[in-house]
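Protein sequence lines, in the order shown, are assigned to chains A and B. Just so it is clear: in the first sequence, position 71 is 71 by the numbering used here, and no numbers are missing. In the numbering used here, each residue's number is its place in the second sequence (first place is 1) plus 1000.
None of these hints come from the bench; they were simulated from the model. Ideal placement from N, C-alpha and C gives every residue a C-beta, glycine not left out. Just to be clear, a hint being listed does not mean it is correct.
Claimed, not checked - Sample of chain B residues lacking proximity to chain A, with all beta carbon distances greater than 12 Å (derived):
(1) Asp1021
(2) Ala1051
(3) Ala1094
(4) Asn1124
(5) Leu1274
(6) Ala1284
(7) Arg1397
(8) Ala1409
(9) Ala1411
(10) Val1425
(11) Trp1446
(12) Thr1447
Unchecked claim - Incomplete in silico selection of chain A near chain B, CB under 10 Å:
(13) Asn57
(14) Leu96
(15) Ala138
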Amino acid sequence: MDRSAFLERIRDRLGDSERLEVEGPSGWEVRVDGPGERFAAELEAVGGRAHRASGGNAAGVVAEVVAGMEHPKVLVTEEPGVPDVSAPVAAAGGELLRWPDAGRAAAETAEVGVTGALWAVAETGTIVVSAAPPGGRAPSLLPPVHVAFVSADGLLPTVADLFRELSAMPAYPSNLVLITGPSKSSDIGQELARGVHGPGELHVVLVE
Amino acid sequence: MSAEYDYGKGFSERAAVSLADPKLRANLAYVNDRQISSRIEAMSSLKDPDALRDDASRIRSAVLSRLDEHLDRLATGWESHGGTVYFADDATDATSYVRNVALEAGATLAVKSKSMASEEIGLNRALEDAGVEPVETDLGEYIVQLAGEHPSHIITPSIHKSKQDVARLFSERAGEELPAEVTPLAGYARTVLREKFLSAGLGISGVNFGISGPGALCLVTNEGNGRMCTSVPPVHVAIMGMERVVGTFDELAVMLALLGRSGTGQKLTQYTSLLFGPRRADEADGPSESHLVILDNGRHKALGTRFQDALKCIRCGACLNVCPVFRQVGGHAYDPVYSGPIGAVLNPIIKGPHAAGELAHASTLCGACTEACPVRIPLHDLLLYLRQDYAGRAASRSERIAYSSWARAWATEGRFRVFSQAGRVLGALTRGRPLRRLPLPLLSRWTRGRVFPGFPRSSYRKRRT
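This is chain A alone, in the form it adopts within the complex:
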């Protein structure tokens, strides 16, 4: 149907009824004390694992994750904050795949995806992953395990704070995703299943 006819029909129906203004949200206040602890607690509550590291030992978390895996394929982006994980991957006898050069095929077979994240939100244990280069969509989506590194500077107290940041972005990538814990479903007999389509295991490293 023609766009203007579609919109005109709506205008006709609304007639001269008052066009309302939204007054800013008033009931929107969440208290967050100690955002670092709150973030960790919220993330663990939704089934994720929270880690803290300083720049020097950040790669240690990846060593922990791949320990016990046999020849793990690890897909890594070059986003800010993502440490060099070649040593722990080699130590586990694994294979390091670099995004985006390795392509989506690599994401389809990798056991672990390692990415950055723009922000973390203490109130809900959420991280925000961008599709903009040097990141992408597949590394945080296709592998069964996702490890995300986020700078402690990017830790925001509340979801409302996050959306204020998003409003202020000068331009957008094609996709921003708010990730709050690993993939889950209760559709089979109302019992919890993890890793249904997205990663079943999520590690977030807050880097000081």
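With chain A held as given, fit chain B onto it using these hints.
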């Protein structure tokens, strides 16, 4: 195992099917109770949930009052990101557009993330007719699709299926016996559907909210199938009911806080995808085409009427869980798409007034739905208006005569006394017992699904004086 619901017949016939299914009723009671208690608990994590509901209600009302402006801005914004917008008048218009997109993309397989709008327009059938296989990827929807059924709940479409039912369905498809345990069953679905995601030529999703300011779409899922459908196939089509818009990210934040809490008791759903058109030239992955279909399908007729508030709905399903009628009969007794109190109100908007009469009466008007609604839709008022419209339009002659005589009989104190006397006589004749069956065709229809309370032997006034 799965009951047969005939949509050529009436609500009471379908309700009878549900009522005769003890397993369904046990599932419903269990799930509805859990959904209610997790909603209440999640709401209590907000400092002032009622104030936030007021905000949400105001935001939705304001958006509807300027819907033309918001849709215009959303469409322009989506196009500026490189996306395509199609305004669809009705189901046929929308399905033929999606079918053309699929055919032009050369797709023979389409993966779908849960979308009530696509159910509403019968998209799966239209795609099948065009030689495109649609595969539902939300686990609940996948189960329902394998069973050849319709979703029975907005949020939890397979609420009527037990673990054993799912094991039977999956085993049949797999050609081997799968255990009735969640982990292997979910693992099986993951493997089958992963293959579909990677080979599909088209990804189809619904839209939880369009955000007109930034020209973005928001889609929430817990499983990640929303991300899959909008990221992996080369072409993405999003279908949005035209009322599903907010203006800004600040407004979206309020809606998401309530949607997660009301729907599933979550502060935020696991994956909240914000989409801004197709993949950019410098991005490594994502669809190269992103189509947005904005669907009217009768909705404009509710604008400017007392049913406009129904369009505030954010599809959380809270009104279903608390409804004493839904809790007994489940979604299938209502309508193949939208069920529960909100379904009774939406169906006449979408399908026309003929869909109004019966479902509006499938309610006790207790107001639990209104109480639960996060955006404060006065659902039980709307149900009452529907009954009014129905009475003015479609009530039978005998029903009209009966009610107008009733009104006349009770209009003065003298006549009221006479009728009270008649009640006393009836009370004596029936010994004050409740009546399971009333005489005369009109009255006996009333008692088909109800018990008429007994006539007391003395009147209330007499007992009080």
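Original post:
Once the closest CB in chain A is found, is it more than 12 Å from Ala1411 (chain B)?
Top reply: 37 Å, holds
Subject >> Val1425 (chain B) non-interfacial with respect to chain A [C-beta, more than 12 Å] >> reply: 53 Å, holds
**OP:** Say whether it holds or is violated: Ala1051 (chain B) keeps its Cβ farther than 12 Å from all Cβ of chain A.
**Re:** 3 Å, violated
Subject >> Check on Ala1409 (chain B) being off the interface with chain A, judged by Cβ distance over 12 Å >> reply: 41 Å, holds
**OP:** Have a go at the Leu96 (chain A) hint: is there a Cβ in chain B nearer than 10 Å to its own Cβ?
**Re:** 17 Å, violated
Original post:
Once the closest CB in chain A is found, is it more than 12 Å from Thr1447 (chain B)?
Top reply: The claim stands: Thr1447 (chain B) keeps its Cβ more than 12 Å from every Cβ of chain A (closest is about 36 Å).
Subject >> 12 Å Cβ clearance of Asp1021 (chain B) from chain A >> reply: With a cut-off of 12 Å, Asp1021 (chain B) remains clear of chain A, as the shortest Cβ separation is near 17 Å.
Original post:
Against chain A, does Trp1446 (chain B) keep a CB gap of more than 12 Å to every residue?
Top reply: 37 Å, holds
Original post:
Looking at Ala1094 (chain B) again, its CB stays over 12 Å from all of chain A?
Top reply: 10 Å, violated
Subject >> Beyond 12 Å from every chain A Cβ - status for Leu1274 (chain B) >> reply: It is violated; Leu1274 (chain B) is separated from chain A by about 5 Å at its closest Cβ, not greater than 12 Å.
Subject >> Claimed clearance of chain A by Arg1397 (chain B), with the beta carbon kept past 12 Å >> reply: 34 Å, holds
Subject >> Distance rule for Ala1284 (chain B), whose beta carbon must clear each one in chain A by more than 12 Å >> reply: 3 Å, violated
Taken one by one, the earlier hints fail for this structure at numbers 2, 3, 5, 6, 13, 14, listed in ascending order.
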